[in-house]
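Asks: Here is what each chain is made of, one letter per residue.
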Amino acid sequence: MKPKGWKDLAPGAVVLEGGSAVNFKTGSWRAFRPVWKEENCIQCLFCWLYCPDMAIKVKDGKRAEFDYDFCKGCGICALECPGKKGKKAIEMVEEGK
Amino acid sequence: MATGLTLKELSKKEDRLTHGHRMCSGCGAPTVVKMVLLATDYPVIASNATGCLEVSTCISEYTAWKIPWIHTAFENAAATLSGVETMYRSLKKRGMIDKEIKFIAFGGDGGTYDIGLQSLSGAMERGHDMIYICYDNGAYMNTGIQRSSATPLGADTTTCPAGSVIPGKLRSRKDLTKIMAAHNIPYAAQASPSHWMDLMKKVKKAHEIKGPKFMNILSPCNRGWRSKTNDSITLSKLAVNSCYWPLYEIEDGVTKITYTPKEKVPVAEFMKPQGRFKHLFAPENEWLLKAVQEEVDKEWEKLQKEAKCG
Amino acid sequence: MAKVVAVTGNEACANALRQVNPDVCGIYPITPQTDMMQRFASFIADGKVDTESILVESEHSSMSACIGAAAAGGRVVTATSSQGLALMWEMLHIASGDRLPIIMPVVNRALSAPLNIHGDHSDAMGARDTGWIQIWSENAQESYDNTIQAFRIGEHMDIRLPVMVCLDGFIISHSIERMEYLEDDEVKKFVGEFKNFLPLLNLEKPISYGPLILTDLYHEYKRAQHEVMTKVKDVVLDVAKDFEKMSGRKYGLFETYRLDDADIALVILNSAAGTSKDVIDTFRDKGIKAGLLKPRLFRPFPYEEVAEALKSVKAVCVMDRADSFGGYGPLFMEITSALYHIKERPVLINKIYGLGGRDYLPSHAELVFNELNEIAKGAKVKNIKEYIGVRE
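Chains as they are written, first to last, in my numbering: chain A, 1 to 97; chain B, 98 to 407; chain C, 408 to 799.
The hints are simulated quantities; they were obtained by calculation from the structure and are not laboratory data. Every residue gets a Cβ at the ideal spot worked out from N, C-alpha and C, and that includes glycine. Some clues are possibly wrong.
Stated by the list, open to error - Derived EDC-like pairs: lysine to aspartate or glutamate, alpha-carbon spacing no greater than 20 Å straight-line:
#, chain 1, residue 1, chain 2, residue 2
1, C, Lys612, B, Glu197
2, B, Lys105, A, Asp67
3, A, Lys2, C, Glu593
4, A, Lys57, B, Asp112
5, B, Lys302, B, Glu391
6, A, Lys25, A, Asp69
7, B, Lys275, B, Glu348
8, A, Lys25, B, Glu111
9, C, Lys718, C, Glu634
10, C, Lys410, C, Glu590
11, C, Lys657, C, Glu751
12, A, Lys7, C, Asp623
Claimed, not checked - So, partial list: chain B residues that the calculated Cβ filter (under 8 Å) puts toward chain C:
#, residue
13, Cys155
14, Met184
15, Lys196
16, Ser269
17, Asn281
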């Protein structure tokens with residue numbers, strides 16, 4: 001995309017589209033990837049709540065997949081996951097392995 | 098009160114701070130903002146002091162804010178928002194706007210405890226109908242971990258480094274929540290993202306109170322605290338359970354502790370996983386670690402007394 | 408029908424603001440402005456306006472709150488002087504960078520140290536690069552007229568920039584003069600309804616003010632900001648035309664006095680122009696062709712027009728009521744820049760006068776005109792920059 005020239009800019013540098021950051025993907029920052037093991041998930045939604053990157057999809061109040069376009073791989077979800085019978089529903093796996 | 102605060106219900110709400118922001122991996126601040134906005138059932142306009150949250154959520158043409166948002170400078174998130182709120186009142190009075198809108202200012206501890214204290218004090222004294230939220234990570238993290246007046250006793254920062262002669266910060270934190278309460282505002286509270294229900298209830302309550310409100314919310318920073326990227330919730334839980342960061346509110350001058358740890362853990366448990374306190378665990382600095390514990394104990398006792406009197 | 412009154416410059420500006428009845432006003436005291444906002448606060452207290460005031464705890468917060476209010480979407484005013492303007496400095500850039508048409512009378516006063524409360528132009532000259540439009544006023548009438556016109560200029564949809572209306576501290580702010588007020592309705596009609604541009608209060612279209620812009624676009628944003636300034640001159644002249652129709656008073660980018668055939672001339676801002684005009688008359692009576700140019704629009708500066716007006720003068724003295732220590736006076740630098748491109752240009756000298764409220768007397772102007780007269784006849788310039796009215 002051609003970079004914008006000075007005549008193409010919004011007055012006062014105002015950002016005109018709320019939430020436009022959804023077009024900026026941060027998934028490539030990730031060194032570790034969280035993997036969801038649905039069988040151990042009790043749907044507590046703590047992972048969704050504590051995710052600083054709004055990278056856990058929820059549908060109708062139920063946890064769905066990670067949004068890997070945005071997950072930065074911090075691992076908070078895995079650490080806070082209570083799991084089922086001592087087995088975590090989220091595991092961190094090194095990217096590229 | 099029927100809070101509607103179940104995660105299942107909350108998860109159906111739209112994210113008003115979207116993904117695609119550029120806060121560090123594992124930062125506490127976006128979670129704090131997310132919880133505050135989840136607890137806000139009104140149209141809301143936010144102002145933001147210069148700082149990590151601001152530079153990382155609105156860059157060039159990418160804004161993570163789905164609500165009207167304004168950043169002007171470092172020391173004036175409160176003054177700026179007081180202007181927005183005043184224009185709202187003026188236009189409402191003149192019949193040009195009829196919706197009910199809430200106003201929230203976000204600032205880090207540098208922008209709140211230090212450079213923004215005058216602006217905040219002024220806005221609170223003037224009585225603007227708004228909530229000021231300080232996300233307190235205990236240093237100027239955006240510029241690279243410099244000491245602020247919120248930096249805890251003993252911490253190692255780039256301007257109060259733990260050296261061979263001076264072992265980090267030798268001054269205690271400023272008690273900002275109490276300073277704000279001393280403005281006789283109707284509501285001041287302290288919260289932590291680890292205790293999300295408590296945090297959200299406080300935000301909800303604050304919104305229902307007319308006038309100026311202040312909330313100080315702990316916001317772990319794994320870069321500045323030199324901890325792991327995954328431990329922001331764990332550490333904030335330890336901060337609460339050690340009474341380093343007690344959860345309380347001061348409503349109309351009455352202090353109430355909103356959460357008392359079942360077992361008060363030593364503050365060292367909160368400090369040990371953090372590199373900024375590493376030097377305090379060396380034998381020669383044992384006195385300072387002890388001083389931190391004594392201070393936490395003293396402040397906790399004081400708070401308990403205030404809560405009883407209140 | 409115009410109403411003839413005897414009022415101070417502060418009172419005149421306060422009344423202009425009353426007639427406009429803005430949505431929000433930031434109020435903070437500072438000598439010699441204090442009395443202006445005090446009067447406006449009384450208008451609020453007495454229900455003569457329904458403006459919402461913000462009684463801030465500093466000028467920094469005043470400008471911050473004005474920026475918040477203007478971004479929210481509405482008509483915003485404040486006023487300041489000297490240290491107050493200096494404290495606002497950071498925020499002045501943000502008001503213009505965000506393209507917010509805040510209107511602010513600046514009652515010009517010296518800057519500390521040493522502390523001084525009297526009139527000179529150091530404050531507003533220090534703010535010349537902040538991206539604000541600056542309009543300067545000789546007397547109470549001009550301060551009043553300029554304040555009213557400032558709304559139309561700053562709020563023009565092609566402009567949307569903040570405007571400072573400058574008037575001399577004490578000399579104008581506190582002296583009672585005869586002047587004419589316009590009718591309230593006339594002013595209201597002239598200024599018109601505030602038109603919103605990008606209001607934060609529009610919930611349907613959430614926007615973000617104040618992003619971080621780095622090397623990729625900052626340069627472009629600043630270029631765009633300059634472009635807006637290039638459009639200001641025409642708007643100022645259009646607004647002046649409309650204003651003349653209503654008031655009968657004529658305004659331009661600057662005022663000239665007996666300049667057309669002048670051999671020697673002063674360039675001088677604000678109240679001191681009046682004293683100079685009297686002296687010019689006495690020189691004219693002696694057969695010496697003296698004249699004057701009094702800038703009105705200082706930012707953006709009308710370089711071409713000023714050059715055109717001064718090109719036939721033989722010797723010009725630029726009078727600065729502010730200094731750039733180690734440099735020439737700020738007005739002098741503008742005038743020399745304006746004239747540099749002309750082949751046959753006047754000889755230019757610079758006098759610093761009236762700092763910290765030091766009286767500017769007819770004898771000072773006489774001294775300068777005598778020197779200019781010698782220069783015009785071929786005498787050498789001894790010093791380009793000199794202080795006048797200063798004790799050895």
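Asks: For every hint, state whether the structure bears it out.
Replies: Against the structure, the hints come out as follows:
Proximity of lysine 612 of chain C to glutamate 197 of chain B is assessed by CA-CA distance (about 16 Å); at most 20 Å being required, the pair is judged to hold. This hinted pair checks out: lysine 105 of chain B and aspartate 67 of chain A have alpha carbons roughly 19 Å apart, not beyond 20 Å. Taken as a hint, the lysine 2 of chain A and glutamate 593 of chain C pair is broken in the structure, with Cα atoms around 50 Å apart against an allowance of 20 Å. Among the hinted pairs, lysine 57 of chain A with aspartate 112 of chain B is consistent with the structure: their alpha-carbon atoms are about 11 Å apart, no more than 20 Å.
For the hint pairing lysine 302 of chain B with glutamate 391 of chain B, the CA-to-CA distance comes to about 33 Å; that exceeds 20 Å, so the pair is violated. A distance of roughly 6 Å separates the Cα atoms of lysine 25 of chain A and aspartate 69 of chain A; the hinted pair therefore holds under the 20 Å criterion. Straight-line distance between C-alpha atoms of lysine 275 of chain B and glutamate 348 of chain B comes to about 12 Å, which keeps the hinted pair within the 20 Å bound. Using a Cα cut-off of 20 Å, the hinted pair lysine 25 of chain A and glutamate 111 of chain B holds, with the two alpha carbons roughly 19 Å apart.
The hinted pair formed by lysine 718 of chain C and glutamate 634 of chain C fails the criterion: a straight-line CA distance of about 27 Å is larger than 20 Å. A C-alpha spacing of about 7 Å is found between lysine 410 of chain C and glutamate 590 of chain C, which places the hinted pair at or below 20 Å, so the restraint holds. The hinted pair formed by lysine 657 of chain C and glutamate 751 of chain C fails the criterion: a straight-line CA distance of about 30 Å is larger than 20 Å. The suggested pairing of lysine 7 of chain A with aspartate 623 of chain C holds, with an alpha-carbon distance near 14 Å, which does not exceed 20 Å.
Taking 8 Å as the C-beta contact cut-off toward chain C, the hint placing cysteine 155 of chain B at the interface holds, the least distance being around 4 Å. A least Cβ separation of about 4 Å between methionine 184 of chain B and chain C falls short of the 8 Å threshold, and the interface hint therefore holds. The closest approach between the C-beta of lysine 196 of chain B and any C-beta of chain C is roughly 7 Å, which is under the 8 Å cut-off, so the hint is satisfied. Interface restraint check: serine 269 of chain B against chain C, minimum CB-CB distance 27 Å, threshold 8 Å, status violated.
Of the supplied interface hints, the one on asparagine 281 of chain B is violated, with its beta-carbon coming no nearer than about 16 Å to a beta-carbon of chain C, more than 8 Å.
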